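Visitor: Okay, here's what each chain looks like letter by letter:
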Amino acid sequence: MEIRPILSSLHKHRVPALLIVLEIALACAVLCNAVFMIGQCIAGVRAPSAIDEQGLSVISLGGIDEAHVESGMARNLAALRAIAGVQAAAAISDVPLGPDIWYDGLTARPDEESQINSSEYFLGSGGEQALGLKLLKGRFFSAEEFADSTLLPSHVSSSHVVLINESDARRMWPGESALGKQIYGDNAAWTVVGVVADVLGQDPNGNGPAGMYSSIFFPQRPSASLNHYVVRSAPQDRDRVLRDALQVLGKLEPGAVLEGKIYADMRADYFADTRDMAWMLMMVCVVMLAVTALGIVGLTSFWVGQRRRQIGIRRAVGASCANILHYFQTENFLLSTAGVVLGVVFGFAVNVYLMENYEVSRMPWYYLGCGALALWLLGQGAVLGPALRAAQVPPVVATRSV
Amino acid sequence: MFGYYLDLAWRSLRRTPVMTALMVLAIGLGIGASMTMLTVLHVMSDDPLPDRSAHLFVPHLDPRPANFTQNLYAPDASANFTYPDAMALVSSRQAVRQAAMAGGTLLARRSGTGHTPFYADGRFTTPDFFAMFDLSFLSGSAWSQADEDARARVVVLSESLSREVFGTADSVGRIAHLNDADLRVVGVTRDWQPNPMFYADADAKEFSDADRFFLPLSTSLDLKFNTNGNQSSWAGSIEHNSPTLTWLQVWVQLDTASEVTAYRRYLADYAGQQKKLGRYERSADSAHLYSLMEWLAIERKVPSDIHLQVWLALAFLAVCITNIVALLLAKFLRRGGEISVRRAMGARRRDIFIQLATESAVIGFAGGVLGLILAQLGLWSVRHRPDDYAHLASMDGPMLAFTFALALGASLLAGLLPAWRACRITPALQLKTQ
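Residue numbers (this note's numbering), protein chains in the order written: chain X, 1 to 402; chain L, 403 to 836.
Simulated from the structure, these hints should not be mistaken for lab results.
Any given hint might turn out to be false.
[Said to hold, decoys possible] Mimicking DSS-like on lysine-lysine, the simulated pairs with C-alpha atoms at most 27 Å apart in a straight line are:
| id | chain 1 | residue 1 | chain 2 | residue 2 |
| --- | --- | --- | --- | --- |
| 1 | X | LYS261 | L | LYS607 |
| 2 | X | LYS181 | X | LYS137 |
| 3 | L | LYS607 | L | LYS626 |
| 4 | X | LYS181 | X | LYS134 |
| 5 | X | LYS261 | X | LYS251 |
| 6 | X | LYS12 | L | LYS834 |
From a predicted model like this one, the values you see are computed outputs, not experimental measurements.
Kindly generate the complete structure, drawing on both the sequences and the hints.
Guide: Structure (structure tokens):
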């Protein structure tokens with residue numbers, strides 16, 4: 001296909017042509033960034049967490065007299081475990097994505113300062129099984145370790161042992177086994193006795209990529225800070241189990257504030273915002289592409305209408321239908337290419353701006369590639385209708401005056 | 403003449419209904435999306451206390467050690483005050499009014515037996531709080547400075563908490579049980595919920611929380627009540643009266659410019675003096691005084707998600723407008739014949755320009771109506787989001803007017819280039835080729 005005549009024709013209509021290029025460029029820039037952000041949202045919502053998310057129910061307990069926590073806890077747990085269908089139950093300070101955030105900066109050397117918020121979880125006896133932690137190396141806590149550990153007035157665990165996430169083990173001791181190593185916090189140190197598959201932190205959205213899977217588990221004997229009960233059951237039993245558990249606890253602790261939730265709902269609530277954002281981005285993308293496509297259809301239709309006579313003349317002097325079709329397709333291809341090239345540059349600039357001002361990470365290049373491809377296809381799709389109509393212009397038009 | 407132009411615009415638009423619908427749809431969608439997000443941004447960055455915000459200021463001191471490294475994902479350790487600094491500022495009485503405060507959540511019990519207790523959010527503060535923020539009392543009054551100094555067991559309830567606990571709004575003189583303490587009710591305020599809750603720690607849910615009780619800061623320390631929010635320490639000590647733990651907010655009222663200047667000087671002097679004493683390691687320049695609106699901008703009470711969504715909506719509007727410019731251009735240029743005839747019959751370039759601009763404005767007006775409907779739909783969906791600001795999302799009068807202004811402005815802008823191009827058509831050439 002000869003492109004010189006196309007170029008000279010575009011040169012004659014350079015203002016509308018430039019506008020189409022600009023529109024495609026803008027759409028391409030927005031599309032790349034929006035799709036990238038949708039990807040990030042979905043990755044967040046789908047982030048795996050190695051606990052039994054589908055089987056857990058969580059009951060938070062407030063307003064209990066601190067003097068009676070210890071004696072009450074054993075009784076409450078026994079009652080929870082007696083409910084039909086309950087596989088395990090334990091007291092815990094908070095669950096992943098939970099509301100009672102407890103952070104510390106943890107390092108592999110005593111003199112270092114960490115820039116990562118590690119989520120701390122204090123587990124009552126049996127907490128590992130109740131959560132469904134997946135042990136990769138080492139061991140869980142022993143009964144003595146549970147009995148010996150509590151929270152010091154300085155809000156540091158008096159325990160000597162901890163379980164850590166696989167990601168943290170790899171980050172702190174790359175290429176080595178984490179077992180037996182010392183881990184340091186504010187004025188305290190603990191020995192790693194086990195490594196578990198990655199469990200999400202308490203507020204992964206606010207902690208950056210490194211804080212997302214930085215979690216550490218301490219054993220703890222019954223105390224007031226273990227104010228959540230986790231109850232594990234088969235997923236199909238959990239609604240009934242939660243109802244029963246709330247009833248049982250309500251009877252045992254009449255003065256307490258009880259709040260029960262299915263863990264899967266807690267997770268959905270935590271990510272509700274992110275999911276909404278993804279839906280909104282998706283909607284804007286679809287509508288924007290539709291508007292762009294309609295714009296291309298509209299403008300090409302006008303061009304076809306304007307050039308009916310010229311098309312007729314070309315047909316009369318021997319151009320086939322396919323020639324005319326290809327003419328408009330090539331014209332659109334040239335415009336799209338210019339738009340896409342400009343759009344990729346725009347999109348990259350937008351990403352850099354967002355990285356500097358908001359919590360957005362660098363966009364991999366293939367998002368730009370996919371955005372460009374999408375607009376190319378969109379352009380070709382949109383031009384097909386008007387181009388086919390142009391191809392059907394009969395040669396006889398050339399002989400008529402207007 | 404305008405009526406005639408409107409008539410011409412109407413005829414021209416009716417001749418190409420699909421094209422017209424497309425343009426109206428494009429501008430409507432763009433306006434709808436932008437106005438939804440701009441309205442959300444508008445209600446969120448609104449002045450929480452329009453009558454008083456000009457007089458309210460927040461001092462800022464930086465007691466952090468020189469080698470303190472701020473964790474990127476942790477709250478700012480210098481955003482709040484240490485207890486000694488806050489008390490020094492409040493007791494110096496250098497401002498018209500001043501108060502130190504911190505949020506807390508306590509377990510409240512309904513009077514009578516057999517009720518389950520519930521949690522209530524409130525504030526531990528000093529007596530100037532009420533007059534400074536202009537809370538109105540239904541009965542009783544704030545506690546006195548003497549009560550504050552004596553760590554009196556007193557509390558001020560909001561109307562809603564008073565009703566929930568006692569079943570009546572008039573509970574002055576009765577005893578409220580909060581956590582394990584018995585506190586005498588000295589006043590009941592009308593429910594008060596500034597949006598955002600500007601005086602609270604940045605960790606609070608500023609668009610949905612409201613304080614339901616107020617009690618003396620000294621009393622809360624005496625009773626060892628826990629406080630909410632950002633509590634940052636750098637020397638290991640987490641005692642509430644520690645000079646190395648920041649957890650309190652301080653607000654002051656300054657009515658005139660000279661008072662503001664004097665207070666600035668006082669803050670710098672205070673920081674300089676602390677440095678001389680060896681307590682502060684950073685220079686006296688680190689002391690600042692921010693107005694309420696400046697403080698809200700610094701603390702970024704508007705989530706960054708909202709900013710991103712506003713940018714996205716505006717980019718979408720830009721795509722729509724470019725689209726309309728291209729379509730209008732094609733449409734106007736195609737009417738070269740008609741324009742040439744009008745020019746040949748005596749219409750000036752200006753007349754043609756105004757005629758074509760009128761046509762763009764008609765499209766803009768229709769797009770504005772559509773955009774308004776879409777924006778209402780959008781805001782309706784925002785109100786069903788789980789965010790804490792969701793309930794605020796609705797349009798007020800100025801935003802309604804702004805929607806139309808934006809729609810008309812956008813379409814006139816879009817029509818400008820095409821109209822200018824079209825009115826430069828050479829009539830003789832056009833008429834000859836026809």
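Visitor: With reference to the structure, classify each hint as holding or not holding.
Guide: Going through the hints against the structure:
1. X:LYS261 <-> L:LYS607: OK: X:LYS261 and L:LYS607 at ~21 Å, within 27 Å.
2. X:LYS181 <-> X:LYS137: holds, 13 Å
3. L:LYS607 <-> L:LYS626: holds, 24 Å
4. X:LYS181 <-> X:LYS134: This hinted pair holds, its Cα atoms lying about 20 Å apart.
5. X:LYS261 <-> X:LYS251: holds, 18 Å
6. X:LYS12 <-> L:LYS834: Cα-Cα ~19 Å, so holds.
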